[in-house]
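Model the full assembly from the supplied sequences, consistent with the hints where possible.
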Amino acid sequence: MVVEAAGSNDGVMIAAQGLTKRFGDLTAVDHIELEIRRGEIFGLLGPNGAGKTTTISMLITIRPITEGRATVNGYDVARQPAKVRASCGIVFQEPSIDTALTARENLELHARLYGVPKAIRRERIEELLALVDLKDREDSVVKTFSGGMKRRLEIARGLLHHPPVIFLDEPTLGLDPQTRQHIWDYIERLRREMRTTFVLTTHYMEEADRLCDRIAIIDRGKIVALGTPKELKDSLGGDTVVLTMKEPPLEAFRALSFVSKVDVRDGAVWLSMERATSNLAHVIQAAGGREIATVEVRRPTLEDVFIRLTGRAIRQAEEGGGEGWFGAAMQYTASTNR
Amino acid sequence: MSEFEGLYGIWLREFKVFQREKSRVVSAIAQPIIWLFLLGGGIGASIDTSRIGNVDYQHFLFPGIVAMSTMFGTVFYGLYIVWDRKIDVLKEILVAPISRITVFFGKVLGGATDAMITVFILLLLGVVLVGISPVGVVAGLGIALLLAVGMVSIGLTLGAFFESMEGFQVIITFMIFPLFFLSGALYPISGLDPVLGTAVQANPVTYAVDGLRGALIGQSHFPLWLDVGIMLLFDAAMVLLGTWAFRRMKL
Ligand SMILES: Nc1ncnc2c1ncn2[C@@H]1O[C@H](COP(=O)(O)OP(=O)(O)OP(=O)(O)O)[C@@H](O)[C@H]1O
Ligand SMILES: [Mg+2]
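Sequence lines, in order, name chains Z and X.
All residue numbers for the first sequence refer to my numbering, where the first residue is 9 and numbers rise by one.
All residue numbers for the second sequence refer to my numbering, where the first residue is 44 and numbers rise by one.
Do not take every clue at face value.
[What the hints assert, rightly or not] If you anchor each label on the Cβ, the simulated ranges turn out as follows:
1) Gly210(X) <-> Leu34(Z): 24 to 32 Å
2) Thr74(Z) <-> Phe204(X): 22 to 30 Å
3) Gly57(Z) <-> Ala73(X): 44 to 52 Å
4) Arg30(Z) <-> Leu168(X): 54 to 62 Å
5) Gly210(X) <-> Thr236(Z): 45 to 53 Å
6) Ala90(Z) <-> Leu275(X): 45 to 53 Å
7) Phe80(X) <-> Lys151(Z): 30 to 38 Å
8) Arg200(Z) <-> Leu284(X): 43 to 51 Å
9) Lys143(Z) <-> Ala73(X): 36 to 44 Å
10) Ser148(Z) <-> Trp268(X): 48 to 56 Å
11) Lys143(Z) <-> Arg63(X): 16 to 24 Å
12) Gly210(X) <-> Gly57(Z): 23 to 31 Å
13) Ala90(Z) <-> Asp236(X): 48 to 56 Å
Hints are computed from structural coordinates only; laboratory data are not their basis.
Everything numeric in this text was worked out from a predicted model, so none of it was measured.
Cβ atoms here follow ideal geometry from the backbone N, Cα and C, with glycine treated the same way.
So this is what it looks like as structure tokens:
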């Protein structure tokens, strides 16, 4: 069975409205709204237990939806599960490779289960074995593989049938940097050549930053921010310049129009500002010739966004009514998410 | 087409795993032989052969041992999916775009193939040990297959419901042993007391043992059509039950 992208989906590959999953009293996924376009690489980030895997499980039909609805490749997840499954490639978070079979046999079984035409089966398997660098171990029983080798094989398996959508739940956990690089390249190639859509979760922030077109940050089952990596980073309010110096002229710094905040922490001065690189000269001027021991310009990373959104501070802000920058982040969600 | 490819893929997987587990194959064959000699020899010494059609007890026992090997092998094979589910091997197959019915039939075929290979080797030994004819080997394989399909379906059905291996002992004690001991595998079924006799007649395995005994040593209590007819009904019922269980099985 070769599954084409369904005709009437207007370039929307995955849509979820009010998608919710409850396990007894626990709401693991809480009214999530998603709209992922064809050819997009979409990241789901969030702390442990945020509901990422549960969200994916509902989208790939292996867990029933408690409330709300979702479509994948134009098919309704609850009513057309077989069509949805035929549209998906999946790399599970938990190991699911068959350790009693060899690497090649695992891929052959997968090709049969997903109806990859015989004519291209062999060539495709060769290509993926090469991608994950298991060519020389293809006939070994998987039982004898290392953890990373098993993971690589699982990734090869998920990509094997070139489906329109591929879900990757922490695919690169525990892989060496080279392998991760190969896999990223292949993902980008599939997206470019076949307009494959990817949904991936990861705890490697720089991976998400590099690879994803858009990212949703999930916390306690809710999307707390959604946007491009750049939008998310910008939402933190620009850059930070960290100065270490004796007797810093705090008032002079505060007087600078482009500085939004001045903090003294860990024996250093932290200045929040826009475009730190071009404004740095003004900061040094404002120091008025006083000796500056070190200067550091920090751009916000996705990691900063993640920690701000899901760390302790957010919990307190939430209890206090969700003011300040949290509100700004929420506006992101509202604006990018109809 | 894809369903068929999937069915073949699942069967092939089961077959390869069976081939690789040499120790399982060896014990699947050695165990019945041990039973035949130890049990057959011991009980045979004290038995009145006029009650078992004037044959040596080991001859009488042999078809029962073939039934035992088929039953236990296939039920365990079916129950094994609990483990496959626990280690998430089955997940890959269950999320594939093939129907659960196909998955079920792939597993039934896999289990039946394993059983047939074991039974075939046993029957070849039977040719030497108890003088089974070539026709008997073929007929014996046919009846063992009918038993295997029903029993592997029972195993798979139970396996679909269990969350862990802890329930296995209970199943073996309260279900598989009674089915075996009440089947006439070890003793003749004529002249039993009414309660036991009724239980034996209600047990589908009885008809498989009877059919096997007819095929292998030419001794039977029921006509062949009845043995085969009841096995077919039993298989149909168990396969239906199994497909239902597979459709509602959670990942
Ligand atoms: N089968 C289940 N029964 C009950 N609760 C569950 C079940 N599966 C998940 N949960 C709960 O749902 C919540 C979300 O879990 P989920 O696995 O989706 O998190 P996650 O974001 O994938 O986390 P991680 O980064 O650790 O993989 C957790 O609180 C978890 O305990
Ligand atoms: Mg997870």
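Hint check for Phe204(X) and Thr74(Z) - Cβ pair distance inside 22 to 30 Å: Cβ of Thr74(Z) to Cβ of Phe204(X): about 23 Å, so the range 22 to 30 Å holds.
Distance restraint hint 44 to 52 Å, applied to the beta-carbon atoms of Gly57(Z) and Ala73(X): 49 Å, holds
Range hint compliance [Cβ, Gly210(X) to Thr236(Z), 45 to 53 Å]: Holds: the Cβ-Cβ distance is about 51 Å, inside 45 to 53 Å.
Cβ separation of Arg200(Z) and Leu284(X), checked against the hinted range 43 to 51 Å: Once the Cβ atoms are compared, 50 Å apart, the range 43 to 51 Å for Leu284(X) and Arg200(Z) holds.
Range hint 16 to 24 Å (beta carbons of Lys143(Z) and Arg63(X)) holds or violated: At 22 Å between Cβs, range holds.
Status of the given 23 to 31 Å range, CB of Gly57(Z) versus CB of Gly210(X): 30 Å, holds
Distance restraint evaluation - Gly210(X), Leu34(Z), Cβ atoms, bounds 24 to 32 Å: 27 Å, holds
Distance restraint hint 36 to 44 Å, applied to the beta-carbon atoms of Lys143(Z) and Ala73(X): Holds, since Lys143(Z) and Ala73(X) (Cβ atoms, about 40 Å apart) stay within the stated range.
Range hint 54 to 62 Å (beta carbons of Arg30(Z) and Leu168(X)) holds or violated: 58 Å, holds
Range hint 48 to 56 Å (beta carbons of Ala90(Z) and Asp236(X)) holds or violated: At roughly 54 Å between Cβ atoms, Asp236(X) and Ala90(Z) fall inside 48 to 56 Å, so the hint holds.
Range hint 48 to 56 Å (beta carbons of Ser148(Z) and Trp268(X)) holds or violated: 51 Å, holds
30 to 38 Å as the expected CB spacing between Lys151(Z) and Phe80(X), which holds or is violated: 35 Å, holds
Hint check: a violation occurs at hint 6 only; the rest are consistent with the structure.
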